[in-house]
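**Q** For the record, the sequence lines run as chains A and B.
For the first sequence, position 706 matches number 1125 in the working numbering, and the numbering has no gaps at all.
For the second sequence, position 55 matches number 474 in the working numbering, and the numbering has no gaps at all.
Watch out, some of these pointers could steer you wrong.
The list treats identical chains as one, so a pair stands whether inside a single copy or across any two.
As the list claims (entries may be wrong) - With a Cα cut of at most 27 angstroms, we get these calculated DSSO-like pairs of lysine-lysine:
1. K1054 with K1067
2. K814 with K825
3. K1065 with K991
4. K1007 with K686
5. K923 with K800
6. K1043 with K639
7. K972 with K686
8. K1053 with K909
9. K1043 with K478
10. K895 with K1007
11. K726 with K1053
12. K1050 with K923
13. K1050 with K726
14. K726 with K1054
15. K483 with K800
16. K1067 with K1053
17. K1043 with K909
18. K909 with K1054
19. K483 with K726
Hint data in this document are derived by calculation from the structure and do not stem from the laboratory.
Number of protein chains: 2
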Amino acid sequence: MYLLATTFVHVFHFLLSLFQGDYRVIGHPEERNDRQVLHEEWARYSAFYKYQPIDLVRKYFGEKIGLYFAWLGVYTQLLIPASIVGIIVFGYGVATVDTNIPSLEMCDERLNFTMCPLCDGACDFWHLSTACGTARASHLFDNPATVFFAIFMSLWAVLFLEHWKRRQISLSFSWDLTGIEEDEVFTITNTRNTLKHTHTFKHGTLSHTNPITPKKLTWKDRLPGYCINVSSILFMFGLTFSAVFGVIIYRITVSALMAMSPDPEIKSNVRVTVTATAVMINLVVILILDEIYGAVAVWLTELEIPKTETNFEERLILKAFLLKFMNAYAPIFYVAFFKGRFAGRPGSYVYVFNDYRMEECAPGGCLIELCIQLSIIMLGKQLIQNNIFEIGIPKLKKFVRALKEKESKVQEKQEERPPQQWNLDYALAPFEGLTPEYMEMIIQFGFVSLFVASFPLAPLFALLNNVIEIRLDAKKFVTELRRPVATRAKDIGVWYNILSGMGKFSVIINAFVISFTSDFIPRLVYQYMYSQTGTMHGFIDHTLSYFNVSNFKQGTAPQNSEHGDITVCRYKDYREPPWSADAYQFSKQYWCVLAARLAFVILFQNLVMFLSLVVAWVIPDVPKTIVEQLKREKKLLVDLFLQEEKEKFQLIQSLFAKDASVPPGQSLFLYTLRSVYDGGTICQCVTLLESLIDPSLSYSLPLRCSVKHSLSC
Amino acid sequence: MYLLATTFVHVFHFLLSLFQGDYRVIGHPEERNDRQVLHEEWARYSAFYKYQPIDLVRKYFGEKIGLYFAWLGVYTQLLIPASIVGIIVFGYGVATVDTNIPSLEMCDERLNFTMCPLCDGACDFWHLSTACGTARASHLFDNPATVFFAIFMSLWAVLFLEHWKRRQISLSFSWDLTGIEEDEVFTITNTRNTLKHTHTFKHGTLSHTNPITPKKLTWKDRLPGYCINVSSILFMFGLTFSAVFGVIIYRITVSALMAMSPDPEIKSNVRVTVTATAVMINLVVILILDEIYGAVAVWLTELEIPKTETNFEERLILKAFLLKFMNAYAPIFYVAFFKGRFAGRPGSYVYVFNDYRMEECAPGGCLIELCIQLSIIMLGKQLIQNNIFEIGIPKLKKFVRALKEKESKVQEKQEERPPQQWNLDYALAPFEGLTPEYMEMIIQFGFVSLFVASFPLAPLFALLNNVIEIRLDAKKFVTELRRPVATRAKDIGVWYNILSGMGKFSVIINAFVISFTSDFIPRLVYQYMYSQTGTMHGFIDHTLSYFNVSNFKQGTAPQNSEHGDITVCRYKDYREPPWSADAYQFSKQYWCVLAARLAFVILFQNLVMFLSLVVAWVIPDVPKTIVEQLKREKKLLVDLFLQEEKEKFQLIQSLFAKDASVPPGQSLFLYTLRSVYDGGTICQCVTLLESLIDPSLSYSLPLRCSVKHSLSC
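One chain only, chain A, in its complex shape:
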């Protein structure tokens, strides 16, 4: 299905390019410029298996974009092992589905568990064996290998971050980015602010020109902005939650209405129809809110009036991330941790709007629902965002622009020279920053790390997407956008912190998914505490509680049951049976399983955190080759300085008489020079340099320090 979709992307792309005709970069065939090289070697889908020419990308687009593609490359590369392990884990599920006792027991019609009805009145009792399909599907994702995979992926996330750290240091070394941060802060023109603080760096002099207001903003000026900020973010959180809640209501009401329908065809497909449509609605809501939140985040950040461009970008990213993360993950969190937990029990269901019962999970467990939700949102988001937002809309815009231009050309009747490259490029869309590109990838990183315990194929889908994504982005940058102004960047900035934070967060989320959403812990507890034989036989019976049909509330019992004389039905929960003293209270098993689940969370979290620390500690941040090269260079540099100073001194000495009259400052300087080759080390030179500095400045000691440092003695 995914490959089909990517083929669709190809064809769509090709058709559009045919339609518009200006897809290729114009240039003389004999002189292949950088852009043409990039276009031919890099920005093609057929080059997907090649390493990216990162140095050329950096040369043409600047460090910031170069770093983005380098990061994307490292991420995609590291997705390969994760995908392979994910496929193996999934394969394990497929291979063991026919020998898995719980799912076999669920499918066994002889066991004949009569389940309590799924809705009030209209629904009948049903046999558990009819849910055989979901039980088998559930095993594909809910098996012991998943636990291993969750641990593996947590360590993978740490490994990825460590690997990227090394790659970044290598790049900043070969791209000459080690010392730029401080200067960058000043060379900023924050064009978006209403109050413009312009700092221009003119040929060696640092001139601060504040054209509108040099007044410093106090907290009083900023307070309203912050208030609007906080309240807007809270409002949008509310919006997200109400969207999720709306979909829940949709699911509850529609399934209740469909269950009441007399048509048996409709009745039998209730769950599938409702789940599918609900996820679609979720997806559409997510995509729409995503665009809205992007715009709102920009507006809110402008209200804050940050001082520098870096500052602006950081705040914008954090806000946009917070909002988009909530938006993309709220429905998934709901399915993973809340769905089915507030449904009540037969005879005492929880109702919303007094009429509709809260929804429960499918009989196979909540994990399979989480898996469906996750895969549809992940794939849908990637396909739709790639196709519509990244290809479709820009193409459309371009087409509209081209149309307009043609009109104006017809009016103006320009000279009929063939259009120059700059004219063609001017018609391209402007570059609007890397934030959307990063954001898309970070949200995807969330899918492969946060809930990976429920969907081991996520890394594979991410990998397939990214192989295309790299070339898609490359194509976009080379052919669809005006060449962006090259900006330097030391690193990927706040994105690294977000990635690292997500990696940490994923540990606890995966621990909870395994222990609370999957049936892993109940199975373990059953096997080692309750099973008579030490095997899983009887597990399904153990997880089902008894309900006395006579305890149904007025009007909630099935109206016309096909099952004749039923006195007790079963439901999935750990509660006391009707004949117990405290009927329908949580049973001892419930608390026992709960304790085991919580103990697992503690164990898992601390084990993974410990292993992550070990991994991060074992992998050094700076690659060994670079450490050695830095040392060699330092030595060369010292030699060079020494040699030079020696030459200079010889020159001067040969010209000066012994008792030539020189001003005091000069003589001091000479003394400094002399000490260099007398003593033999540059260090001494430096130590003496301090005597040149006016002592009244009282910087002598720290300045000596700085000088020494910079000359690396």
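Chain B: place on chain A using the hints.
**A** Only chain B this time, still in chain A's reference frame:
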């Protein structure tokens, strides 16, 4: 008691100094040298309230020792707020002890809980109200404020580390330590190794002299060393555990024997006597093993043949820390998490050596035992180590040395000049590294962080100790030891990692102490789930299970009971009563409380970790003043270089004719100079410098980078 002990230290010290007579530093009164200033202003107990003259310490002893005292100062300073909060928390316990319902209920004789006997046969049934004292004492340390204090102390640990990071950066800035790390690695003479790799740094030339063997060691050479290492460490772990186990056996047997004694006087004091003597034995074992482990760690590290001195020190520290940490904390861990958990229940006790029942905690809970254990080990270790190992033994050694010298003097009959300072100093003990000093403090840091939930006064005791410790160490360095060779150090090295690791570890330990050792969670569960009135009334009854006396095994029932017709006795556990279907099994409450305990651990750990991240994120690593000063200095430096190069050029220009013949290298150099003041920035100078470098070296790009960086363009 503590103040009394410190007074004892003073007096002891004073007496010793009187005894030996050479306590003061000899010197002419008119010229107060650094050592005298240090002795008068710093190395005195009466200066305890003063800030330390850290810069002078650094000047006299070198950076490494300076950093130690700076670190100790920061730690001691930050212990002040922790002590104050600890006292308040303890005060809260004292203030609420009379209104605390559980302890009131335990002391209430009307409630009349008949408890099962504490030992087989010889012991009688007893009334819970007789354990009133421990219940009240327990409340002092086991109250809701403790939970707050544990959170506070976890954040305190983070705050301390962040604060130290800032202080370290300030110091390394003002002490000119920023760029030294790489050079340090080479300037090492590892005198302890059997294979000596000597690298000497001679006046500007880096000469590597490997006098014995230049052969690189392969893994085959190292393998035996590593094997011995691992097996020795495992053996010593075993030793520590068997020491702990031995003390447990001692406690079990002695209390059993004392309980059988006919003397009622002995019988009534069983618990106090046994606990006190056992802790004393523990303390002695810890102190002895500490010294042994210190020596073993040195031996093991020598077997590894580390390459550099830094490497040697790091490995030694890690090993010594591991061993000493285990040694100091094993008995405490036992009391906190294991004691009383394997004792079984009446009618089915767990026996060791078939005869002796496993020990249980006191009726007031395990927390009070943990508290006693902790306070005695902490205080005992500090007092004994301070007095005997840090003052006593060195004094004794000195005394022995002095005696020997006198003998030799008598023999040699030297000239009778008054002894010079260097003669006197030669008689002092040699300096043996800072490791023991740091180790002592780190183990103490463990007491104030790891188990602080059980003993809120720990920071106060640590503070009192450290106020003395600083001056004690100062005195030792100034008057008791030969002046150590000054060594540079960028930071406190691996100790920082150990501290940070302990801070992280303390979070989970405190979570477990609060939820499993203290009664905090059972009380909460009772109040919100089982209490009829919503108050704590009836809590004690709820925690006690019933035991039918007829179920005692043969010969384990009390032989001659003063309590006549007892059919049921109570014991502290959550188990089903005898009249239940599954008598003596864990009850639903047990699992419920267990789940609550585990949930609390998860909540506590994640909350504290999150808050720690926030604290670490809010406090910037580099103080703002330093950031600004660095910027200013950079600017000054650039100005200076510019000015100098300009002067040089003018000088040269005034002397050279336009067409003077200069070698090619020279002219290039001149061009470089010219570009400097033509362009106006030092950057251009640097960019052109690269043309001087031989291109065949192929370092040009990275070298330009380094040069540029070091000149800060």
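**Q** Looking at the structure, which of the earlier hints fail to hold?
**A** 3, 4, 10 and 12
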